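> Chains as they are written, first to last, in my numbering: chain A, -14 to 118; chain B, 5 to 179.
Think of the hints as simulated: they come from the structure by calculation, not from any bench.
Be a bit skeptical, because a hint or two may be false.
Here are the simulated PhoX-like cross-link-like pairs (lysine-lysine), alpha carbons at most 20 angstroms apart as the crow flies [stated by the list, open to error]:
| id | chain 1 | residue 1 | chain 2 | residue 2 |
| --- | --- | --- | --- | --- |
| 1 | A | 104 | B | 158 |
| 2 | B | 158 | A | 70 |
| 3 | B | 153 | B | 168 |
Quick caveat, the model's predicted, so the values are computed rather than measured.
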Amino acid sequence: MENNKPEIPNDLGVIRIADEVVSTVAGLAAVEVEGVATMSGGWGTDLVEKLGKRNLGKGIKVDATGEQTIIDIFIVIEFGYAIPKVAENVQKEVKIAVETMTGLTVAAVNVHVVSVMTKKAAAEANEGMIDSN
Amino acid sequence: MPVIGRLILFVYNLIMLVIAGAVIAISLGWNYPLAYLDLAVSTPENRIILGTVGIILVVLILVVLVWGLKAPVGTDAVIVDKGLAGEVSISIAATKVIIMKAVKQVEGVKDLRPIVGQTPAGLVVKLHTMINPEQSVPEIAQSLQAVVKDNLEKVGGLQVAEIKVLIDDFNAGSK
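Please put together the full structure from these sequences, using the hints given.
Here you go:
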């Protein structure tokens, strides 16, 4: 399995980037997009986060086998924003961030909008995450 | 969970009920269950049959347990856009939130329960609604249809095929 992971070879050896790194980069890029309330990582990740361990890559699934990387992002969108526009911006920002920071080729960024939240609820959710840090 | 799984779960629950009943009966001093148990393990043949039944039950219960614990393979979602950059999909739960927010703009709606389905032509939305009795049903139904369609298309970028409004009840407490 490990051999299928993308590698960046150079004169000194080979650079391998873990999926967790890609998901963290993608997660950080996605939450910065206007209209994204929070990432949706499922109840397990949310529970762990409530216990104090912040997961920057939550809600991200990375399939980095072979030459190209496919990223699935599960997000909650702030109410009032046009979902297709926000999703498109997420796709662009994540692709740019991952390609720039890791040198991997991103073939597709699939955005799954799992819920919609008001601004107030989103602020409370994010505050909870900051408190847990 | 498949139908066979539910059936196994049903049988398992029945067996558990019988065992629980037997345990309670024994604790209350009724010794018949113990006598039956003695009879069941009295001969090697009976023990083999009992052991085989036990193994089958364990296997079946493990299968049901795995089915139960397994996360659903992707939630119900509507695909909004499929392009070179990837795919954008919205969960049915998210579309319901959009609908609930949208109907707040319509006066006279006391309660609403949306049911969202998918067809090749687009979303089919059924709105189970409770309204104030002084409101005109055709007017409120039209407003609901317009507002929900508009929000789903503008906010969600979704194609709406049909919006059905069902007035379930009138808010009796309103003046």
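> Of the hints stated earlier, which fail here?
Of the numbered hints, all hold.
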